[in-house]
Amino acid sequence: MRRRFGSVRAVDGVDLSLLPGEIHALVGENGAGKSTLAAIAYGAVRADEGTVDATGFVGLVHQHFKLIERLRVWENVLLNREPRRGWTIDVAAARARVRALGERYGLDIDPDAVVETLPVGIKQRVELLRELDREPAVLLLDEPTAALAPSEIASFFATVQGLAARGTAVLVVTHKLTEVIAYSQRVTVMRAGKVVARHLTSETGIDQIAREMVGGDVPALAARATTVATPLLDVRGLSATSGTSELLDATFAVGAGEIVGIAGIEGNGQSALADALAGLVPFAGSADFAGRPLRADDTPAARLALGIRVIPQDRRSEALVLDWNVRDNVVLGRQRSLAPAQYGAAAREVIERFDVRPPNADAIVDQLSGGNQQKLVVGRMLAGAPRLVVAYQPTRGIDIGAAALVQSRLIEARNAGAGVLLISFELDEIFACADRVLVIAGGRFVGAFERADIDRGRIGTLMAGHR
Amino acid sequence: MNATLAAVLAVLGLTLVKATPLIYAALGGVLSERSGVVNIGLEGILIAGAFTSVAVSGATGNPILGALAGVVAGALVAAILAFVATRLGVDQIVAGTGLNIAALAAAAFGLVLIYHQPGASHEVPAFGKGGEATLIVLAFVMTAALQFVLARTPWGLRVRACGEDPGAAESAGIDALATRFWAVVAGGAIAALGGVYLSLAELDLYSDGMTAGRGFIALAAVIFGRWTPLGATGAALFFGFFAALQYTLQRAGVPSELMQALPYLAALVALAGLAGRVRAPAADGVPFLRS
Amino acid sequence: MSAVLRTRTARDLIVVIVVVFGVGSIAMLLAHVSPLIGFGALFDGAFGTKSEVAETLVQATNLLFPALGIAVAFRAGLFNIGAEGQLLLGGFAAGWVGAQFPLPGYLAIPMVLTAGTLAGGAWGAIPGFLRARFGANEVIATLMLNVVAMLLATFLVTGPLQQGGGGASETATLPKAAQLPDLIADSRLTWAFIIALVLAFVLRWVLQRTVFGYELRAAGDAPLAAKRAGIDLGRTAFVAMALSGAIAGLGGATLVSGVLHRFNIGLSPGYGFIAIAVALVGNLDPLWIIVASIAFGMLQSGGIAMQAEAGVPREVVSLVTGLVIIALAGRRVMASRRTT
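If you're matching them up, the sequences are chains L, C and P in order. Just so we're aligned: 55 in numbering that gives the first Met the number 0 is position 56 of the first sequence, and the numbers increase by one with no gaps anywhere. Just so we're aligned: 286 in numbering that gives the first Met the number 0 is position 287 of the second sequence, and the numbers increase by one with no gaps anywhere. Just so we're aligned: 166 in numbering that gives the first Met the number 0 is position 167 of the third sequence, and the numbers increase by one with no gaps anywhere.
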């Protein structure tokens, strides 16, 4: 099976077969082609070459749910297959059917709830029920536990095991190796669009799979210089709301010359924190920066002027003007402090230091790969010696080489005296870079660890909201 | 006392007359926008309905045939917008604006071609009081019907799904582009009845510019009514009331231009007051492009 | 320009030509006129004699001002459909002020043009303010204000600000000092054309080479990224709409000062709407808009001749213009910014 997106071979000559009743893990780094393969198997995307054969219906639970937020649970589950009574929908029958479905699979749900009011774990149930109602022979799960707390993960896989026991073939697309080892029977490893290994799970381990996922050596990170952190950002009782993300009563400090990592599951207040520091949303409580209090109603311009840079989560919609060239994108954020004659030099500096390819200031940014786009964004944020850098998922969806470069530059910025707040959903990234680790769960800070005391298990427990 | 009562009744009656074309146009707008397509071209659809119904009524001598022709014309004009919006994914507001300009020009062109005079058509067989009342009642019947269809029928659910998240709708097997297309066309057919009312019920001819921006007031009614049929009709009645007041207040010495401006100013105030506090269908105005 | 944009431009131009000649021919046939004769009369009427060329440029000037204004708004991500009303009020302000306060030439013309610019700017600032402060949709706001502008101008010119006797629906004739001098003698072409050309070059420079232009384009092309980069979206929207209205108002002022020498309610045959097509055909680039305005100016002036000589109703031109707008609606697929 082959599929191209533009000049990228997303899936290149892949063969994959699933047996009934098995839980099969498909692993790979971000961008390895796993999600594309799942989409092809489901039928949402068409392969350029190759075939898909299945004995029955193929269901897909997407990583980012395909639910219609403003409709009700039963409307989502039974969309386009509603029970009818003459010309109209038989609403009572629809509700009953959803309730019965939930009971059958042990997934409690209120059919009348409007989806956008539900917490993430429950929304996933709705998505799952939608596929289950069609009695799938094959069920594809794309990064199903990305937004779940560790305790929810256990009950989720219990459900999955129940399904497998009934004969459904389950494919779990994931990059979480601990879950692969714990729950799957077979593993297929993908890298850069190709299958590089297949194993029986019982015959392999995390280290081997990780090496196969990553391929060659991971580029080394920049060395960590010894610095003494001096006070920079002092936050007390900070509360903020940004969209659906809520931060409650946060108290922490970031020093100049240290990297503070914020570990947490997606959707636990990180966006509210980042947006409050960026000046996009107001906050309650107090925040002192370099000795002086931050105004709660500051604009982004005011925060930029203080030397605070926030690398946003979604580069395409929040950081880049895709139709513009590299030079104009590098200037974004500094358009008032740089003279037009200096734009060229600024662009060259970022291109060189961050290895942006192609190294052409006139290239249109939309044509760059995700890794190069992210390097551009991080490059421009770190230019001009910022005092505080808030890096929110700085290596999301980019290749290993680019990720290592970005992380190295963040460490170098720290060495040079900047304070770095690293917000990430990937614990490995935090452990690689941070001097201190804070844990966020349910909008609150629930734990703090020095680098020497990092305890992966304990951090995971705290992230789940347990004490 | 009798005089006051008579005056009040007159204003209420006039409110219904003024509101009815707005109701039809607004219902058409609601249906279109709930499926995710902004229809700025309502004005052009009103024009198409008004002109075609007059032309056909004049040619056949039968206003009912004229009305049917007007409905078809509205559907066809809407189909143009529906096509470029769904199949080509263009900017819906720009396309709707072009549609309005083209429709007005086409009608003016038609006036010269058919009646050999610019500005207005001849008088044609039109609806009497009975027909006019039927159209008014029909507007309210359609409001209830559309409300029910959107809430309780499979097609209505598909329409709402496409307006919120066409990608999700497609993954459930719905053809989002086709659903949007037919919603816009059906909306055009309904809106055209507003034009029919203007030309064959309130008057008995077509004149250049007779729609006078009602299509745009209808858009404001859609927003004011929170994209529901009942709400839009309520808003249309509200705006119609202001239009009806015009005559009463004019006799009280208020300048006529200020009175004529009232519905538009009311729409402006509504827009400012409501903006940010009401939510359009999530995918409204966003072209859906299949990858 | 990237390769993708270039082919789109070529394809779009082909579509425009097909629409203009295709639909135009069909309409002419319906009017029992051969397209050859019809288009012949059109082009001949546009360029046949020197005075006809001058008239084409007059029409081009009348379109160039509002088109530039609309383009500025478009670049900021806003849709100004209110150019017609802004143009109207600009013309009214110019005509009334010029007739009311006679001044020597070197003061009169700047005063008149400034009055028109300010009036148009104020009328554009209203929807700009509604958008910035309340997030109100500027499309509907400008549409409503078009109608209100017409009513307001009518009310003022026949009522409290009347300058003729007996409720005349126009202002008094402008004194010679307030009239823009002719560019070509014995024609209607005035220095307004030069002013418009200079304005186009200035706007292009502002958009491409100044911080203000950079921020305006960023707000239009990537509002979220712009906001995070410290750009005040509300203020940008307000300024863009006010500037857009001011440019359209200036157009109305030059129309009154140079061509008509007085304000009349019917001064614009829909320039503010045709200008939308001009802005789109010109791909929102001030320099290309100059070319597009001449093309549409040709349609406008040639259209009158086409009706007189070949008997093809002038409305064909408007019909074709509307269809061109639909055809080019893909030129500006704006990211979803609905705020209501």
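Just so you know, these hints were derived from the structure itself, not from any lab. Please note: incorrect hints may appear among the correct ones.
[To be verified] Computed from the model, here is a short list of chain L residues facing chain C with C-beta under 7 Å:
1. GLN62
2. ILE67
3. ARG71
4. GLU81
5. ARG84
6. LEU100
7. ILE180
8. GLN184
It should be emphasised that the depicted structure is a prediction, and the values quoted were computed from it without experimental measurement. Virtual Cβ for every residue (Gly too), placed ideally from N, Cα, C.
Enumerated hints in conflict with the structure, sorted upward
Of the numbered hints, 1, 3, 5, 6, 7, 8 do not hold.
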